[in-house]
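Assemble the whole structure, with the sequences as input and the hints as a guide.
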Amino acid sequence: MSSEVGDGVDRILAALRERFGLIGVPDGAVLIPSGSRKYRVASEEAAALTAGRVIGVYVVKDTPMGPLLSIEGTQILGPLARKNVLSLPEDLLDDWMRGGDLEIGERGDLEPGLVIVRFGDLFAGCGLYSPPKLRNMVPLSRRISSGGGR
Amino acid sequence: MGVYGFPAGLPKRPFEERYRRLLGPDYEAFLRYTARMPVPSIRVNPMKLDPDILLSRLRRGGWILEGLPWYRHGFRVISGPAKLGNTPEHQLGLYYVQEAASMAPPVALDPRPGERVLDLAAAPGSKTTQMAEMMGWRGVVVANDPSPSRANSLAANVQRMGSINVVVTSYDGRTITRHLGEGVFDAVLLDAPCSAVGAARRDWTPLRRWSLRSVRRISRLQVSLALEALRSLRPGGRMVYSTCTLDPEENEFVIHRLLSEGAEVEEVSLPGMVTRPGLTRWEGRELDPSLARTVRIYPQDNDTEAFFIALLRRSRS
Chain R
466 MSSEVGDGVD RILAALRERF GLIGVPDGAV LIPSGSRKYR VASEEAAALT AGRVIGVYVV
526 KDTPMGPLLS IEGTQILGPL ARKNVLSLPE DLLDDWMRGG DLEIGERGDL EPGLVIVRFG
586 DLFAGCGLYS PPKLRNMVPL SRRISSGGGR
Chain G
204 MGVYGFPAGL PKRPFEERYR RLLGPDYEAF LRYTARMPVP SIRVNPMKLD PDILLSRLRR
264 GGWILEGLPW YRHGFRVISG PAKLGNTPEH QLGLYYVQEA ASMAPPVALD PRPGERVLDL
324 AAAPGSKTTQ MAEMMGWRGV VVANDPSPSR ANSLAANVQR MGSINVVVTS YDGRTITRHL
384 GEGVFDAVLL DAPCSAVGAA RRDWTPLRRW SLRSVRRISR LQVSLALEAL RSLRPGGRMV
444 YSTCTLDPEE NEFVIHRLLS EGAEVEEVSL PGMVTRPGLT RWEGRELDPS LARTVRIYPQ
504 DNDTEAFFIA LLRRSRS
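Protein chains in written order, with our numbering: chain R, 466 to 615; chain G, 204 to 520.
These aren't lab readings, by the way, just hints derived from the structure by calculation. Here the structure is a predicted model, which is why all the values come from computation and not from measurement. Each hint should be verified, as a subset may be incorrect.
[Claimed, not checked] Facing chain G, from chain R, some residues (calculated, C-beta under 10 angstroms):
| hint | residue |
| --- | --- |
| 1 | A507 |
| 2 | S508 |
| 3 | E509 |
| 4 | G521 |
| 5 | M562 |
| 6 | F584 |
| 7 | G585 |
| 8 | G590 |
| 9 | S606 |
| 10 | R607 |
Glycine residues also receive a C-beta, built at the ideal position from the N, C-alpha and C atoms.
Below you can see the structure in the form of structure tokens.
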């Protein structure tokens, strides 16, 4: 790994630690850079292959707002997070997955900025907490359309 | 309107004549089931959420599910309140909409954590992500599809299912060992491009396109892919060859060709699934007796799409 690549991984790991209290990736997995300030998680054996055009799963992007975790990023790394995790009632999941912003009021346990969003056992991506609102950051391709949900 | 609700002109007469010879007294039941839409099915993702939690969540939401005997994470969806591809659980990668019989080839291959596995014709990724989950996201599945657009949809499904042990490649499968090397994989799945008669339960197109000429053209491609899949396998490694069609020239004939290249046929184990032995004779041609260990899955036997599955081992010498 070149020092530039290693610096990028170190930088995003530091940002994840600072924002979410994350201290690494699950055992048997590694974080690898993937261009455009994006990072992926792959099994050690997958990361060792150089032939692929896509390796593992995109988990986080280094943005001016801080580390923006993908849905899979919150599912893989979220259980290891110590702070800025927002737990919401499960009956709000459909609204969230339709792409709607949510009114959540003032939350003393959260810092304004990017937060991991979970509904019970389900981690469902990141939102931008700007009290009293939670701005929806579920990508268009992962939202449900109006006929979906319950 | 034709027989059993088929559009006029379907199935074509040459198809009917060939499949009557192939299936004999089972032909009418085959045709009747082929004319019917299959019950949809899903595969739940045990790596993202405890399947029991997901199942009770779906049932609370009004879904009626029935477990498949041959894959413990597979379920038929008897009814439900929304489109299967438009629910939060789907979009979060908690399940994959996958035809019930198509879960069988990975079960036959039985990939294990830590192995190096090749899925040679992988798009859209149902079997790739199933194998990744069976391996507990350990080891690696190289998922290949030669078409860049299909490889993109494969990558999107790998992302949605969170399969961190998958690497997507886009090579011509007939030359895959030039890029990935010979003898490097513990297990290979070749779910080969085929005439897709099994998929006619969802869409008549395969029956409209069917011709004996196209079967023979596809058969030549299948042999090329299967030989290359075998070369990519380490000595003693195992391979599953499958198709969603029943024509012997796309199935048993392909396997017969591999036997002279150092492949041995093994028994396929699919507990709870009704299967029939592969053919050892077709249209006057005698095939190796070990082909009786391959399996044919007829739509009327399990109310699924049709499939053919062979489990092979590359000889150690």
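Now the hints, each set against the structure:
{"no.": "1", "hint": "A507", "verdict": "holds (5 angstroms)"}
{"no.": "2", "hint": "S508", "verdict": "holds (4 angstroms)"}
{"no.": "3", "hint": "E509", "verdict": "holds (9 angstroms)"}
{"no.": "4", "hint": "G521", "verdict": "holds (5 angstroms)"}
{"no.": "5", "hint": "M562", "verdict": "holds (4 angstroms)"}
{"no.": "6", "hint": "F584", "verdict": "holds (8 angstroms)"}
{"no.": "7", "hint": "G585", "verdict": "holds (9 angstroms)"}
{"no.": "8", "hint": "G590", "verdict": "holds (9 angstroms)"}
{"no.": "9", "hint": "S606", "verdict": "holds (8 angstroms)"}
{"no.": "10", "hint": "R607", "verdict": "holds (5 angstroms)"}
Checked against the numbered hints listed earlier, the structure breaks none of them; every hint is satisfied.
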